[in-house]
Amino acid sequence: MSGPSAFCPSCGAPVRFLWSSAVQTTCEFCKSILVRRDLDLEKVGVVADLPEDVSPIQILTEGVYRGWAFQVVGRILYRYDQGAWNEWHCVFSNGSSGWLSDAQAEYGMSFLTPPPTPLPRALELTRGMRMSWNGVVYEVSTLTEAYYQGVQGELPFEYWDKSRCVFADLRTRDARFATIDYSEEPPLLFLGEWVDFETLQLKNLREFEGW
Amino acid sequence: MGSPAQVKTLSCPNCGGGVELRGYARTLNVVCINCLSVLDASTPELKVLQTFQSKERVRPLIPLGKRGKLRGDKWEAIGFQVREIVVDGTPYSWHEYLLFNPYKGYRYLTQYDGHWNFVTTLRSLPEPATSRGRPAVRWMGETYKHFQEATATTVYVMGEFPWQVRVGETAKVSDYVSPPRMISSETTDGEVTWSLGEYTPGEEIWKAFELPGKPPPPQGVYANQPSPHGEKVKAAWKTWLFLNVLLFTVMLLVSLFTRGELVFDRSYLYSSAAQGEASFVTEPFELKGRISNVELAVKTDLRNESAYFNFALINEATGQAYDFGREVSYYFGRDSDGSWSEGRPQETVIIPSVPPGRYYLRVEPEMEPQGATLGFQDRRVNYRIQIRRDVPNHAFFWIAALLLLAPPVFTTLRSVGFESKRWKESDYSGGSGDAED
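If you read the protein sequences in the order shown, they are chains H and D.
Numbering follows my numbering, in which position 101 of the first sequence is assigned residue number 104; successive positions increment by one, without gaps.
Numbering follows my numbering, in which position 401 of the second sequence is assigned residue number 455; successive positions increment by one, without gaps.
Be aware that one or more of the hints could be misleading.
EDC-like cross-link-like pairs, simulated, lysine to aspartate or glutamate; straight-line CA separation at most 20 Å [unchecked claim]:
{"#": "1", "chain 1": "D", "residue 1": "K62", "chain 2": "H", "residue 2": "E212"}
{"#": "2", "chain 1": "D", "residue 1": "K120", "chain 2": "H", "residue 2": "E212"}
{"#": "3", "chain 1": "D", "residue 1": "K123", "chain 2": "H", "residue 2": "D52"}
{"#": "4", "chain 1": "D", "residue 1": "K128", "chain 2": "H", "residue 2": "E127"}
{"#": "5", "chain 1": "D", "residue 1": "K158", "chain 2": "H", "residue 2": "E210"}
{"#": "6", "chain 1": "D", "residue 1": "K128", "chain 2": "H", "residue 2": "E109"}
{"#": "7", "chain 1": "D", "residue 1": "K62", "chain 2": "H", "residue 2": "D199"}
{"#": "8", "chain 1": "D", "residue 1": "K478", "chain 2": "D", "residue 2": "D142"}
{"#": "9", "chain 1": "D", "residue 1": "K62", "chain 2": "H", "residue 2": "D52"}
{"#": "10", "chain 1": "H", "residue 1": "K165", "chain 2": "H", "residue 2": "E45"}
By construction, these hints were calculated from the structure, which means they are not laboratory data.
None of these values were measured; they are calculated from a predicted model.
Required output: the full structure, derived from the provided sequences and hints.
So this is what it looks like as C-alpha cells:
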C-alpha cells in the first residue's frame, strides 16, 4: 500500500507516501509542506494550525465510487463567508485521483478534466450562464471567493502558496456539477457528480462523540 | 487520526451564558439561548452579530438538542426559526427546524398550522415548465405546479446554523406542488436554492422524536397535503369498471339462458264504431317452467293517434289475475325546428314472478274520440299482441348500472372539493387576490 519512504528535510521524521505520484505532502510531525524535487523533498513552507475539523472524512478514509475503491490521502481546506469546506484528495485503486468535496455535508466526487476549449475568465461569468462539456449543459450557479486555509497529506500538484481563490460552481438538471478553479492560470476545470453518503460506503471515518 | 469530535460549550460575550455547539465546527452562527443574541461561531470569542430581542419567546415543539430517527436516519434538532409572509395585509408564519447529523448533513422540518414537511436541499436544478398555462417546474420527470410566491422574513431564531442568520432578513420564496411533494425555491441576493419538501404527518414526527402528547391537529388543507380522496377516486372508478363488467357479463348470461319462448301471437283490429263490448278474452296458452316473468308486447299501426289497452292475465285454474294497462301513442310531424316525433307505436310490459300454468288474456282497447264534435268518427287500430315467457329484464341491469355510478361520482366530487380548498390558499384562488398574476 505505502509507496516510497523518505525523511523530512526539516525535522528528520520519516515521511511515507501512500501514493507514488504525489507531488506534495506534509510532515505529520513538524507540519512542513514538502515538495518532491527529483528524489529529494524540499520544504516550501509550514502549514498553519488547521482549524477544527468539520468533516467526517479524514486521511486514510476508504470508500467506493462507481465500483472503484479509493483511499483519501490528502486535502485542501478552504474558508468562505458561509463557512469552510474540504476537498479530499482520493487515490483510486487504478492509480488515478479525484476530489471528494464536503461542503456542509454535501458530498461530491470530481475529477480534473482538461477543457476542450479555453475556459471563460472569472470576470466574464454571470449567474445562469451555460456551458457544455461532454454533451452535458452546466449552468453557473455561484461564484465563490474563498480563502485557502491549509493543506494536509499528499496532493497531485504543488498547492501551498495560495491566498484568495475564486471558484465558479456550475449545476445541471441531474446530479452532475462542475467547478472552475481560478487560482491557477489557465483555470482548472473539475467535472463531477453529487454522491449520497451511504453509496460511498466509507470506512475509517472520524468519530463524533455520542453519534 | 483525529480524536472523536466533541460538542463544545462556550460562553456568550453578551450575557455570559453558556452556548453549546451541537453542530461542531460546521456551525457558523449560534443564538444564545439566554439573551437570544446571534453570535459568530467561526470566531473563538463568539463575536456578537445581532442582539435580537423579541418581546415573547417562541417555544419550538421539538426541543433543540432532541434527537429522532426520521426516514431511516438519526437527526438532531439544532436550529429553529420562525418565518413570516404577508398576504393581502395578513401575516402568516411558520416554523422551521434545522436537523443535523454529522455524517449526513442537514435536513429541515417545516410546520404550519399542524402541517409538517421534511425538507432536503436539491443538488440538481429543476427545469422551468408550464402546466395548463400556469408556471410550473419539472424535476425527476414530475411536474410541480406553481402555488405561491411571497417574501419570507425571519422573525425569530434559536439554536445554530451552518450559514448566516439574522432576524429581519428576507428571501423570495416560491412553492411548486405535486402532492405529497413540494419544490421550493429561495432567492437571496440573486442566489437561488432549491429544496424538496415531503408532506409528513405530525404523528410521524411525534413518534420519531418521542414527543409527549399529541401533535397539533392540522388545520385546513395544506399546499402539498396528499388528498385523502385522490387514490380513492381512482379506486372507486376501478371498482365501478369491474362491477360493470361483472354486471354486463351477468346480463349476457341471463340473456343466453332465459328462454324467451313465444307462447302467444295474434293480431286484432279495433274499431270505435263497432257496437257492443270492446273487451274480449283470448284462447288459453301455456306458461311453462319455474316461476318467472312474462313479457307482453303490443304493436300497433297508430299514426298521430293514441290508444289505451287494459289487460288482465288470468290463470285459468285459480282465477288469479294480473291487471295492467298501457297507453300507446305515436305522433310525429315537422315544424320550424325540423321533424319531430313523440312516443312509439308499440309498448312492452313485463309482469314479474308469474307461476306456471294455463292462462288467458282479457283485452280491452279504448280510443277517445278526437274531439267532442267529432263523436261519431270511426277510429281504428290494427294491433298485434305477443306474449313471451321468461325474458331477460334489461331495465333491472340499467338501474343497477346507474346505482353503481353513485360511489365513484360521490368520491370524485369530494376530491374536487378537497383540491379547490388546497388551491384557495394559492396565488390562483380565483378570488380577489388573483389580480397581480
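Results of checking the hints against the structure:
1. Between K62/D and E212/H the alpha-carbon distance is near 11 Å, which keeps this suggested pair within the 20 Å criterion.
2. Our distance criterion of 20 Å between C-alpha atoms is met by K120/D and E212/H, whose separation comes to about 15 Å.
3. Between K123/D and D52/H the CA atoms are separated by roughly 36 Å; this puts the pair beyond 20 Å, and the hint is violated.
4. Restraint check for K128/D and E127/H: the C-alpha separation of about 44 Å exceeds 20 Å, so the hint is violated.
5. Distance restraint check for K158/D and E210/H: the Cα-Cα separation of roughly 13 Å lies within the 20 Å cut-off, and the hinted pair is therefore satisfied.
6. Between the alpha carbons of K128/D and E109/H the distance comes to roughly 17 Å, so the proposed pair stays at or under 20 Å and holds.
7. With a C-alpha separation of about 28 Å, the suggested pairing of K62/D with D199/H is violated against the 20 Å cut-off.
8. The hinted pair formed by K478/D and D142/D meets the criterion: a straight-line CA distance of about 14 Å does not exceed 20 Å.
9. A distance of roughly 19 Å separates the Cα atoms of K62/D and D52/H; the hinted pair therefore holds under the 20 Å criterion.
10. At roughly 18 Å between alpha-carbon atoms, K165/H and E45/H fall within 20 Å of each other, so this suggested pair holds.
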